[in-house]
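A.B. asks: What follows is the residue order along each chain.
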Amino acid sequence: MDRPDVPALFLHFLMLSAMAVGGTQTVMPDMYRYVVDVQHWITSKQFADAYALAQAAPGPNVMYVTLIGWQVAGWSGAIATTLALVIPSTAFTLLFTRLTARNPGAPFGRALRRGLAPVAIGLTLASAWVLVRSVNHDWHGYLITLLTVAIVLRTRTNPLWLIAAGATAGMAGLV
Amino acid sequence: MLFWARYVLVERRRWFTEREFVETLAMGQLLPGPNIFNLGLMIGYRHAGFAGAFAAIAGFMGWPFLIVIGIGMLYARYEHLPLVQQALSGMSAAAVGLLIANGLKMASVLPRRWRPWLFTALAFIGVGALRWPLIGVLGVLAPFGVAAAWWEKR
Numbered sequence: 001m002d003r004p005d006v007p008a009l010f011l012h013f014l015m016l017s018a019m020a021v022g023g024t025q026t027v028m029p030d031m032y033r034y035v036v037d038v039q040h041w042i043t044s045k046q047f048a049d050a051y052a053l054a055q056a057a058p059g060p061n062v063m064y065v066t067l068i069g070w071q072v073a074g075w076s077g078a079i080a081t082t083l084a085l086v087i088p089s090t091a092f093t094l095l096f097t098r099l100t101a102r103n104p105g106a107p108f109g110r111a112l113r114r115g116l117a118p119v120a121i122g123l124t125l126a127s128a129w130v131l132v133r134s135v136n137h138d139w140h141g142y143l144i145t146l147l148t149v150a151i152v153l154r155t156r157t158n159p160l161w162l163i164a165a166g167a168t169a170g171m172a173g174l175v
Numbered sequence: 001m002l003f004w005a006r007y008v009l010v011e012r013r014r015w016f017t018e019r020e021f022v023e024t025l026a027m028g029q030l031l032p033g034p035n036i037f038n039l040g041l042m043i044g045y046r047h048a049g050f051a052g053a054f055a056a057i058a059g060f061m062g063w064p065f066l067i068v069i070g071i072g073m074l075y076a077r078y079e080h081l082p083l084v085q086q087a088l089s090g091m092s093a094a095a096v097g098l099l100i101a102n103g104l105k106m107a108s109v110l111p112r113r114w115r116p117w118l119f120t121a122l123a124f125i126g127v128g129a130l131r132w133p134l135i136g137v138l139g140v141l142a143p144f145g146v147a148a149a150w151w152e153k154r
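These protein sequence lines are chains H and B, in that order.
Position 34, counted from 1, in the first sequence is what my numbering calls 34; the numbers after and before it change by one each time, with no gaps.
Position 124, counted from 1, in the second sequence is what my numbering calls 124; the numbers after and before it change by one each time, with no gaps.
So that you can see chain B by itself, here it is in the shape it has in the complex (with noise of 0.2 Å):
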């Protein structure tokens, strides 16, 4: 998806520079929420204010959302089949090794310091690991996180 929405904004209708294509997602990874979807959002609003903003809310979740209900229905109306169980179960071994694969790549950017592995690890325990509520674990983290990086750059 990524890849599409840099081909068609950067190459082809030229919206953006390469180097303001960057440092929109990177500010769209900031925010809550979906990256792309976000990246889409600062887009329409840039180009034509609220009316793009929902013309990109609308363009990502319209036909989506239709789709994954209608598959929604197939799954209820099917998933007792044996065939579709070893289907999905294939499935989702697989879509589980993608989102590993994902956040193996993240985190081959990190810095070779031990203080940012450490949030990585104390992250992945509290919530992975323990199974404690997010808001608890993100309320303690992203403050320290925050502090430590900003301490560490001067």
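The shape of chain H in the complex, shown without the other chains (with noise of 0.2 Å):
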């Protein structure tokens, strides 16, 4: 493991939060571009457990985030990444509020999201795929996987649940 740079992981993640149309999620696959295969600074494991912990805490989905600054660098990437996701946005969304508070259905607006919406979800089934292959190993990872996917689409569980199965699951010898 290299030592971490936290500036660079700083900018690296400011650039991300800026990109980040249509959710945090489709900025997944660079984040663990960055630190886990440029960088080294953590491995796949961790980026992965990080991801899987912070779904499992109160708050934000985003906050895994903040625990891979901690993974990378402790307090100081924590902060660094943390600042990187709130600064960025803040600034966007104060700008725009100021901007377009009268006219929110604007022809260009629409345009917009309508443009954007495809691709942030081709980036989100990124996310998605990234994860996938640095999480499961052989088929029982994937039918859990495959089970949680079946019960979101088919029903309203609490993912919370879904998430404590897995651990159960888990736990229990079956991944």
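Hint data in this document are derived by calculation from the structure and do not stem from the laboratory.
For glycine and all other residues, C-beta sits at the position ideal for the given N, C-alpha and C.
It is possible that part of the hints are untrue.
The following label-pair restraints were derived from C-beta to C-beta distances [claimed, not checked]:
hint, chain 1, residue 1, chain 2, residue 2, range
1, B, Trp114, H, Arg154, 22 to 30 Å
2, H, Thr157, B, Leu110, 37 to 45 Å
3, H, Ala172, B, Arg46, 46 to 54 Å
4, H, Ala56, B, Val8, 18 to 26 Å
5, H, Thr43, B, Val109, 34 to 42 Å
6, B, Arg113, H, Trp139, 31 to 39 Å
7, B, Arg112, H, Ala56, 33 to 41 Å
8, H, Leu174, B, Arg46, 45 to 53 Å
9, H, Gly173, B, Arg46, 15 to 23 Å
Starting from two chains that each stand alone, build the complex the way the hints lay out.
C.D. replies: Have a look at this one:
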């Protein structure tokens, strides 16, 4: 593991956060690419664990970004990635609210939304792809993933129960 | 989280009508960053200016930040235990399932035309399968996607 460069971590996450149209899950593959593949600061398992733990924690799901910063460099890393997450979206949102307070359904806004939605969906599925390959090593894992997908699509189960069920299945030695 | 946001803002506090809520949320989705966070910011700013915006940020990030750090500390201490490892593997497998289902739900509202699906596929292949840097993929796909949507509408 290389010694982490916190300013570089901050700047990369700042750039990604400014591109996170459609939600932060769209930039997760590039977070992974940067901290795992390029910089080798954490392993793919640490990344996946951080993601899973943050989904189980109370609070917004995006807190995995904080946890990844923590894994990379402790307090300074956690503060760096969290600020990088907050600053661009705050700036854009306040600016946008000021500019378009009167006219939310403007044609350009609609085109922007309709044009970016398919890209955001592709990126969300790419995030899932990157994670699924670092998480599951045999068919047991894939089976749990598939069952979770099926349950979410067919019922209104609280996601926390599904994470808890996954943890239980894991502890029972099924993964 | 979204469920609770709607419940409190629309039904209990009545700060928003249903329609305003949906429109504000759509705007939050258009902007970079976590949707729900952007929504909170817009609400805070609308009701109390910058003070409201900062209250929203603090409310969103304060406790969750400390909780997640606490989890990180526990993880650093106990991750090597076999039982913890197993639980984490199972949790991760389920968490990925949630993410896939999330993507599929989003995809289910795409119009049944080839163009949006082409952009979805290209984004997936570029960033997911080929692991290209996001900035290049998004830099190409976003302008073309928006232009196509603009052109298609007429």
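A.B. asks: Just pull the numbers of the violated hints for me, sorted ascending.
C.D. replies: The structure conflicts with hints 2 and 9, although it agrees with all the remaining ones.
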